[in-house]
Amino acid sequence: MTMNRKYTVAKTYGKALYSEALQLKSVSETYQEMLQLREVYRQVPDLGDILSDDRLSVYEKVNIVKDLENSFGDTVAKFIHTVYDYGRMDEMPEIIDEFEHLYYEQFGIVVVDVTTAVALSMDQRHDLEKRLAVQFHANKVVIRPKLNPAIMGGMIIESEHRVIDQSVRSELEEIHGALLK
205 MTMNRKYTVA KTYGKALYSE ALQLKSVSET YQEMLQLREV YRQVPDLGDI
255 LSDDRLSVYE KVNIVKDLEN SFGDTVAKFI HTVYDYGRMD EMPEIIDEFE
305 HLYYEQFGIV VVDVTTAVAL SMDQRHDLEK RLAVQFHANK VVIRPKLNPA
355 IMGGMIIESE HRVIDQSVRS ELEEIHGALL K
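Per my numbering, the very first residue in the sequence shown carries number 205; after that it's consecutive.
Keep in mind that the hints were calculated from the coordinates and are not lab data. Even for Gly, the Cβ is constructed at its ideal location relative to N, Cα and C. Take the hints with a grain of salt, since some may be wrong.
Stated by the list, open to error - The list that follows gives simulated cross-link-like pairs (lysine-lysine, PhoX-like), each with its CA atoms no further than 20 Å apart:
{"#": "1", "residue 1": "Lys229", "residue 2": "Lys219"}
{"#": "2", "residue 1": "Lys282", "residue 2": "Lys265"}
{"#": "3", "residue 1": "Lys282", "residue 2": "Lys270"}
{"#": "4", "residue 1": "Lys215", "residue 2": "Lys265"}
Stated by the list, open to error - Cβ pair distances, simulated, as ranges:
{"#": "5", "residue 1": "Val315", "residue 2": "Pro249", "range": "20 to 26 Å"}
{"#": "6", "residue 1": "Val315", "residue 2": "Tyr263", "range": "36 to 42 Å"}
{"#": "7", "residue 1": "Ile313", "residue 2": "Ser275", "range": "52 to 58 Å"}
{"#": "8", "residue 1": "Asp258", "residue 2": "Ala321", "range": "45 to 51 Å"}
{"#": "9", "residue 1": "Leu376", "residue 2": "Ser275", "range": "26 to 32 Å"}
{"#": "10", "residue 1": "Asp331", "residue 2": "Gly291", "range": "43 to 49 Å"}
{"#": "11", "residue 1": "Ala321", "residue 2": "Tyr263", "range": "48 to 54 Å"}
Start from the sequences and build out the full structure, keeping to the hints where you can.
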């Protein structure tokens, strides 16, 4: 399946679950369960493929899906059942991402990738989250930390197609470029 088609399917399913959760006034609870489901997929990376391809019998797959459904509340359990019935279990991580995107949008949460040469302390991280929330006009900022010693120091902040490069490396490159002129 092409990436574009997979993305479209994930958007459709993620939006359907989000609409259902909104109607049932259970968006936050459903979000928490989707995070738990994401963790299941992280712990068993080929779970989606196992439940979508033909390496197991239908009986074996149904037992796995039932166990999975029993781990969650009614809304998420029914959703898992529907996704399984339509043969889309391998697309669940992208569906969860779409649900999370809609959740973040509703609650004014912005995800920011922050690349540093060394890991940020928890205090530095919380301080940066507060400053970025103001800068991005967000209720909350969620930092996804990345390490890259090649930037030498400082940080590179990326969010929603915006890049703020405050790395030592880029500053040195700017100085170098200015000296060459």
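Going down the list of hints, with the structure as the test:
| no. | hint | verdict |
| --- | --- | --- |
| 1 | Lys229 <-> Lys219 | holds, 15 Å |
| 2 | Lys282 <-> Lys265 | holds, 16 Å |
| 3 | Lys282 <-> Lys270 | holds, 10 Å |
| 4 | Lys215 <-> Lys265 | violated, 25 Å |
| 5 | Val315 <-> Pro249: 20 to 26 Å | holds, 22 Å |
| 6 | Val315 <-> Tyr263: 36 to 42 Å | holds, 40 Å |
| 7 | Ile313 <-> Ser275: 52 to 58 Å | violated, 25 Å |
| 8 | Asp258 <-> Ala321: 45 to 51 Å | holds, 47 Å |
| 9 | Leu376 <-> Ser275: 26 to 32 Å | violated, 51 Å |
| 10 | Asp331 <-> Gly291: 43 to 49 Å | holds, 46 Å |
| 11 | Ala321 <-> Tyr263: 48 to 54 Å | holds, 52 Å |
Checked against the numbered hints given earlier, the structure breaks hints 4, 7, 9 and satisfies all the rest.
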